[in-house]
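Protein chains in written order, with our numbering: chain A, 1 to 479; chain B, 1001 to 1099.
For the record, the hints were derived by calculation from the structure and aren't laboratory data. You may find that some hints are simply not true.
[What the hints assert, rightly or not] Straight-line alpha carbon distances no greater than 30 Å define the calculated DSBU-like cross-link-like pairs of lysine-lysine that follow: (1) K287(A) x K257(A); (2) K1025(B) x K260(A); (3) K257(A) x K1002(B); (4) K269(A) x K1006(B); (5) K413(A) x K1092(B); (6) K413(A) x K269(A); (7) K413(A) x K1095(B); (8) K269(A) x K1025(B).
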Amino acid sequence: MDIPSLTITEIKTGLLGRQFSAAELAAEALRFAEKENGVTNAYLRFCPERALANAHQVDSRIARGEDPGLLAGVPVAVKDVILTKGVTTTCGSRLLARYEPPYDATAIARLEQAGGVILGKTNCDEFAMGSSNENSAFGPVRNPVAPGRVPGGSSGGSAAAVAQGTAVVALGSDTGGSVRQPASFCGVVGVTPTYGRVSRYGLTAFASSLDHIGPFARTVHDAALLLQVIAGRDPNDSTSANAPVPDYTAALDGNVKGLKLGLPREYLKDLTSETGDVIARGVEILKRLGCEVREISLPSTEYAIASYYIIATAEASSNLARYDGVRYTCRSNRSDTLAEMYRNSRGEGFGAECKRRIMLGTYVLSAGYYDAYYLKAQKVRALIARDFAQAFAGVDAVIAPVSPFPAFRLGEKVNDPLQMYLSDIYTITGSLAGIPCMSVPCGETVEGLPVGMQVLTRHFDEATMFRIAGALEQSRGAM
Amino acid sequence: MKITEKEVRYIADLANLALTDAEVKKFGADLDEILEHIEKLNEADTGGVEPMTQVLYEADETATLRADVVVPPLGNPAALANAPQPGAGYFKVPKVIER
Chain A
1 MDIPSLTITE IKTGLLGRQF SAAELAAEAL RFAEKENGVT NAYLRFCPER
51 ALANAHQVDS RIARGEDPGL LAGVPVAVKD VILTKGVTTT CGSRLLARYE
101 PPYDATAIAR LEQAGGVILG KTNCDEFAMG SSNENSAFGP VRNPVAPGRV
151 PGGSSGGSAA AVAQGTAVVA LGSDTGGSVR QPASFCGVVG VTPTYGRVSR
201 YGLTAFASSL DHIGPFARTV HDAALLLQVI AGRDPNDSTS ANAPVPDYTA
251 ALDGNVKGLK LGLPREYLKD LTSETGDVIA RGVEILKRLG CEVREISLPS
301 TEYAIASYYI IATAEASSNL ARYDGVRYTC RSNRSDTLAE MYRNSRGEGF
351 GAECKRRIML GTYVLSAGYY DAYYLKAQKV RALIARDFAQ AFAGVDAVIA
401 PVSPFPAFRL GEKVNDPLQM YLSDIYTITG SLAGIPCMSV PCGETVEGLP
451 VGMQVLTRHF DEATMFRIAG ALEQSRGAM
Chain B
1001 MKITEKEVRY IADLANLALT DAEVKKFGAD LDEILEHIEK LNEADTGGVE
1051 PMTQVLYEAD ETATLRADVV VPPLGNPAAL ANAPQPGAGY FKVPKVIER
């Protein structure tokens, strides 16, 4: 078996044909991942005992003639903001360096129930705040395609692991682009499903009205299958949607003839030419496959960054208040009173980006500013959602770039937080609207850097999104 | 838009964050720059627009409610397992009342 290029289908065939056992695959995948991890720093830790226990369960199901599950034996990497019982979960923060969750996230329980094998936990920006993975307390992740460059963020470790082949699929989390942007930078598939499609029980909260769990994979098929497994109502998350989960892989027949796609003109003006060229080629492919592409307008796009960085930081400042040095975070030892202990534990524990966002969020929510900032941002958010609703009256999907530029160099943007925030422009709009959106590899720049195309559809219409992404994936090499 | 050092310290106090003098200076400058960009929102016409407080989709009113049944709680030992200073079944903290 060729570990770095394995797909879910190949694994299933190998297991059922008795070419290898799940335990053999898990051991081999762990050995490979541990050996290669120095190149990227994608994993923060491995959990071999758990992986082998998962694998043995799959083997015994197969031996008993039972259905081993949709993800039977599939090596999975999990972003370190998603709780795994008994396996240290740091959120990329010093504050949680020794935190061992007492329960599993619902997405984790579901993927293990489906036969998934969890290899380990992946690096990320601290509490998922960042666009380059340089805000991790445990060192940056390097892009496996170009090791002097960032993998994107905040789910940089998960994207890098899948691109490097040290996991077949991975889970990430997306609040303003944290799955799609690293997927684009690393040349893999990354999906942000509809808000509420996947339970967030056990996902460490960043901005609750925007947080999603989403899959990474090397193929659209594998991403669709992972979403299939983790999607659906969960009584432990009252924001999870009750809508039925369709068979996503059934949409991957390559037939996109007659689909109407909208290309928003507001998304094309700030593109670097290298990214723009790749996107233009992708658009041509979709046209040749029979899609009808028309230019559309999403006029409120220019306000998206401002709206997002108010809403996300306001919610973050509340959500991160729980890290107080009392119940599960590290505590500062140089404090005589409770109030000092809170301040010192948080001051010593949080990295610069978290502090900046807590400060901004606290400021916009502070007395006298609520209406001018938070309320105004929520109204602008409604305008952005309305833009999409109006667009979907005329088109089946919106296609767009994921990022204005390909992966940038490590250190290139760390000293300019506003520039870093502005680079999230194309992903933030879909997050604010709560619609499904994904990045699918579209091509490479002259330098060989991957560029993803974003596909966005109506609420709960992941099937159409996968159909379009799958058609682009299949035809890209052929044309 | 100029945020003063006094305001930065006030916000840090509200957020229970101990900041060094260098951080106060740095975050003051960062917030200035970000808030200046945020001023852009004032250009957006939001007259008559309802704030989007949550992402809504078609569902029954009771769709988000689970059955009202008692389930086993986490339990005291598991809840205390990650505490920096557990003791006698509780979370211990430095003194709350100053004399």
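Consistency of the hints with the structure:
1. K287(A) x K257(A): 9 Å, holds
2. K1025(B) x K260(A): Violated, at about 51 Å.
3. K257(A) x K1002(B): 54 Å, violated
4. K269(A) x K1006(B): 40 Å, violated
5. K413(A) x K1092(B): Violated, because 42 Å separates the two Cα atoms, which is more than 30 Å.
6. K413(A) x K269(A): Measuring from Cα to Cα gives roughly 21 Å; hence the hint holds.
7. K413(A) x K1095(B): Status violated; Cα separation ~43 Å.
8. K269(A) x K1025(B): 35 Å, violated
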